[in-house]
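Protein sequences, first through last, are from chains C and H. Take the first sequence: its letters are residues 4 to 491, numbered as in our numbering. Take the second sequence: its letters are residues 4 to 491, numbered as in our numbering.
In case anyone wonders, no lab produced these hints; they're calculated from the structure. Fair warning: this is a prediction, and the values are worked out from it, not measured in the lab. It cannot be assumed that every hint is accurate.
Selected chain H positions facing chain C (Cβ under 8 Å, derived; list incomplete) [to be verified]:
id	residue
1	His64
2	Pro66
3	Val69
4	Asp132
5	Gly179
Covered stretches of chain H, as calculated for chain C (at least 3 residues, CB under 8 Å) [as the list claims (entries may be wrong)]:
id	region
6	185–193
7	210–224
8	442–456
Here a beta-carbon is modelled for each residue, glycine too, at the ideal position from N, C-alpha and C.
There are 2 protein chains.
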Amino acid sequence: MPATAGSRRCGSVSEVPGAVPVPGTGQALAAAVARLRADGVGVVLTGAETTLPYARDRSGHDPGDVVFAVVVARSVADVQQVCRVSAEFGVPVIPRGAGTGYAGGAAATEGAIILSLGKLTAITGIDPDSGLCVVEPGVITSEISAAARAVGLRYAPDPASAAISTIGGNIATNAGGLCCVKYGVTRDSVLALDVVLAGGELIHTGHRSIKGVSGYDLTALFVGSEGTLGVVVGATLRLLPVPLGSVHTIAAFFETAEQATAASVDLFATGVRPSMLELIDGVHLSRIDDWRGSDFRARGAGLLLVQTDGLAAAAEAALLRDVLVRSGGEIEVTDDARRTDELLDIRRWTSQDQAPRPEITLNEDFAVPRHRLVEMVRLIEATSARFGVVITILAHIGDGNLHANLRIPRSELGPDGALPERAWLAADAMIAGALEFGGTITGEHGIGMLKRRWLRTELGDVQYGLQRSLKTLFDPQHLLNPGKVFLD
Amino acid sequence: MPATAGSRRCGSVSEVPGAVPVPGTGQALAAAVARLRADGVGVVLTGAETTLPYARDRSGHDPGDVVFAVVVARSVADVQQVCRVSAEFGVPVIPRGAGTGYAGGAAATEGAIILSLGKLTAITGIDPDSGLCVVEPGVITSEISAAARAVGLRYAPDPASAAISTIGGNIATNAGGLCCVKYGVTRDSVLALDVVLAGGELIHTGHRSIKGVSGYDLTALFVGSEGTLGVVVGATLRLLPVPLGSVHTIAAFFETAEQATAASVDLFATGVRPSMLELIDGVHLSRIDDWRGSDFRARGAGLLLVQTDGLAAAAEAALLRDVLVRSGGEIEVTDDARRTDELLDIRRWTSQDQAPRPEITLNEDFAVPRHRLVEMVRLIEATSARFGVVITILAHIGDGNLHANLRIPRSELGPDGALPERAWLAADAMIAGALEFGGTITGEHGIGMLKRRWLRTELGDVQYGLQRSLKTLFDPQHLLNPGKVFLD
């Protein structure tokens, strides 16, 4: 039966109460679904139409023709019961937030229950005096920021997807974003977690104090574990003061992305720690111009967007500006709110660009040490030429984290939607470079389905085996998001 | 045989080549020592005089009358071989840096090899362009700071022991310090680790890039694991820019420690993030006056030491000063280097005070959310009165991390040096409070031997069991620092 969107076999989950289900099969799924319905657990969906929106994430990964069901949890108790039933019937569970991931981590797999946390949306506590916020996993990240602002504070992490992603998803991937360069990634703002384990038991890791070293740091272990070790059902987040003073924004256009990259590295010699330092290449600028009628591309093929904040924002921006001018950039500095928004829109738009295109995208996301960035950009450009693949660059350049996106014309896809081999070879070449430079295959997207092929190379055989054993310790039956992160 | 310093039985390690050793006994230790000597591994010490300095740390914990040997590693290969021989003969290994811990984590135990990393002191690489430094575990922390300064950067963590502790020890306990309130704890500066596993295999966790989410965060798991999961033999550390501008220091004296605490909490409403925020109580001020002829105690019984840095340091200090004045403090503000040093010496002295005293100290180290700090200080004072124990307070108050030190007259110790029951009851009462307030039993010292009795209470039975299983996964024979962290 060919895979066609809208006719997934999830509608065919047949309920066979009374029969003895075989674990890992559609029968087992049907039996588990029957039990969950009988127990009144969450909202159980099995029809093709209602489950289809849960089949994939934003990575473009196509899960193919798979049978799965969806349970929308209404409480922590629902999550615990799903995990208990999963263990009893041997049915995989795939935790899911808003499905905005770029690595296929939340994609459906055969015979699984997609466990949606998207309706657990309460901000259950906010404590301005301690700088804490307690949330359920389905809260949209920007709503946490809004709640913090309402009490004069801020939730620092700001993934580009903040308006559409959930905090649970951010935690599952240890999401980064635009201001990590000064304020850190998701992990740096997570103090404590409530986690449902594979067997359904609930634990509370961490503490509400800023510091703590009691036992192993399971909070850090769960952050970024992509739903393979447990299901995050609550989080205590750290809130920071809103920076004093005004924000200063610099747009610096360079002739090439390589020149812009070199200039970004030079900025650090000033001793200023910018609150944002982003790179956008010429292809992205052209697309924005096409879409919005702007003329950014005419100003250069490499744009740095830089911000400073705090009481010294103006003085810091002046120091950075001097370096950018010396590096040959065409510079614009502003602290005007409207103009700042227009400039930031360039970056926001690139992340939210959902315009229909005659191509699909393979998102790479490696990170390298700062002093190898120029070499990495050269390698990306050489790889593009060598394999005849358009590769665009968008980067949290201040963190050394590059999004190199391979654009593959749909006409070049295989009959089953498979990417052409040269796309993978191009990705292989860039990944090999990133690792050789001391970097990593993924800075913030996670491994999911799409980066599994390189994980063993990065970790080495011994550590890979140790990480696999860790997975087995937390999830002996391999029922939590199985098939993700590890290839075998 | 009574325990007396200087006559430990470590001198009695007898070498019995040829005999079949029984694991976990002095015989096994002797056989392991013979093998290590034959293999030419490190410098092997077994005499009482040479091993005595390795028996304890700064916690005051007395390991008693134990047999142990010492191997001073000269290379990573030495560490690997010690771990292999440990596994073969069933001999425990206790990794050790400078022995400056406050929880007994490095204390000797029966039949163990103390594995000293203190001679692995190379700074093997420093990369100013990327802001990275690669070090061996035995480097003294302040030497890393000096090496960073030499290239215009800084290693941010600054535990009060920085002049005498090793980076390996800092990593083992996830050490905090004076500037965590703005710049984070040790974990926040560790990008990658080289770790020798229980069986002797070497793995490399993390990456040299600032960000990375490939697989589980084993780097964070090893940081703070107190030598119970593996032996850290190398670390890649993040270096930050030296803050621009001048540092401004405020000394604010209050009538009571409670008043100083309340004022410290109020500071956060300004939106300023100080680079240091420390509390020192009246007992400490009196002791400094006695020792140095100063008159700090006459100015109050609660001192806040506050710093701001960066280009806006003066403006930020002014905002903080206003709050402290309104809170009734007697205030002194300076950006003079000499006067700053004099004020900081108050804090440094309290950590390095090794003056002989007719008392011993039980160091508590809990942390609570900021808005519970005043209650916590009240509870400490009430506990002191209730159990008739002098309890002094020194705090990284900006992080909510309190060092409450119980001072027990030597005359009240048991014949075997045991603390009187009321000291433990007083500690129990404070720990119960810290946990009730949502805090932790240890903010930065670790569990070691002295805080094991409370760990299960903090973690809960399920998480405690999970953490024990994690230990067993990494160290199936329980040979890495056994008996530490977990009670059973």
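* Of the numbered hints stated previously, which ones are contradicted by the structure, given in increasing order? -> 1, 2, 3
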